[in-house]
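Q: Sequence:
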Amino acid sequence: MPGRALPIVQYPDPVLTTPCAEVRDFDDDLLQLIADMFASMYAADGVGLAANQIGVGRRVFVYDCPDADHVRHRGVVVNPVLADPDVSERRLCDDDEGCLSVIHQFATVSRLETATVTGRDERGHPVEVSGTGVLGRCLQHETDHLNGLLYIDRIAAKARRKVLAGHAQELADPPL
Numbered sequence: 173m174p175g176r177a178l179p180i181v182q183y184p185d186p187v188l189t190t191p192c193a194e195v196r197d198f199d200d201d202l203l204q205l206i207a208d209m210f211a212s213m214y215a216a217d218g219v220g221l222a223a224n225q226i227g228v229g230r231r232v233f234v235y236d237c238p239d240a241d242h243v244r245h246r247g248v249v250v251n252p253v254l255a256d257p258d259v260s261e262r263r264l265c266d267d268d269e270g271c272l273s274v275i276h277q278f279a280t281v282s283r284l285e286t287a288t289v290t291g292r293d294e295r296g297h298p299v300e301v302s303g304t305g306v307l308g309r310c311l312q313h314e315t316d317h318l319n320g321l322l323y324i325d326r327i328a329a330k331a332r333r334k335v336l337a338g339h340a341q342e343l344a345d346p347p348l
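Remember, the working numbering sits 172 above the position in the sequence shown when you count from 1.
Fair warning: there could be bad hints in the mix.
[To be verified] Taking lysine to any residue pairs in the SDA-like style, the calculated list, with each CA pair at most 25 angstroms apart, reads:
1) K330 - D268
2) K334 - P186
3) K330 - A340
4) K330 - N319
5) K330 - Y183
[What the hints assert, rightly or not] So the derived label-pair ranges between C-beta atoms look like this:
6) D201 - P298: 16 to 22 angstroms
7) E300 - R332: 28 to 34 angstroms
8) D199 - A340: 18 to 24 angstroms
Worth flagging that the hints you see were computed from the coordinates, not collected in a lab.
Virtual Cβ for every residue (Gly too), placed ideally from N, Cα, C.
Whenever a hint applies, use it, and build me the whole structure from the sequences.
A: Laid out in structure tokens, this is it:
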């Protein structure tokens, strides 16, 4: 099923800060949404995309990115739940992070070094995805989106102001 590249919703659109609804129907509409999400993500040169980033308030994200060993992973997670690691296994990693909904802006964000999400695939079958590196960061970032959070919600106020000022400038005067 071919997907259509749709515009990426930009902050401060309220769809980005509203928790998404659980997906209950694993049907052709969901398959079309997923195809549209992949097309939109690739058109925007992204590595992950949550449904609310194309204006759809449903709990689904897609990803196509490498792990810490540079192995590429591509998939979809519907109704993801981010696992909470045991305190003894909880290691954080600081790295630059950006978002297609806060265009061309980056900030250092502290995330779990390894992340695991459980959920469903596009057909409703159980799925578990674990990752490190960009993949681990992506799993956390996209799950945050579905919970109504953006990476800018995880950074210090001064850094947030700087990112949002740059974002406002990009929206007011986009590159040609």
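Q: Now tell me, hint by hint, if it's right for this structure.
A: Hints and how they fare:
1. K330 - D268: Holds - the C-alpha atoms of D268 and K330 are around 16 angstroms apart, at most 25 angstroms.
2. K334 - P186: Within the cut-off at roughly 21 angstroms; holds.
3. K330 - A340: Since the Cα atoms of K330 and A340 sit roughly 15 angstroms apart, the hinted pair holds (cutoff 25 angstroms).
4. K330 - N319: Between K330 and N319 the Cα gap is close to 23 angstroms, so the pair holds against 25 angstroms.
5. K330 - Y183: 18 angstroms, holds
6. D201 - P298: 16 to 22 angstroms: Check passed, 21 angstroms falls within 16 to 22 angstroms.
7. E300 - R332: 28 to 34 angstroms: 32 angstroms, holds
8. D199 - A340: 18 to 24 angstroms: Cβ of D199 to Cβ of A340: about 39 angstroms, so the range 18 to 24 angstroms is violated.
Going through the hint list in order, the structure does not satisfy hint 8, though it satisfies all others.
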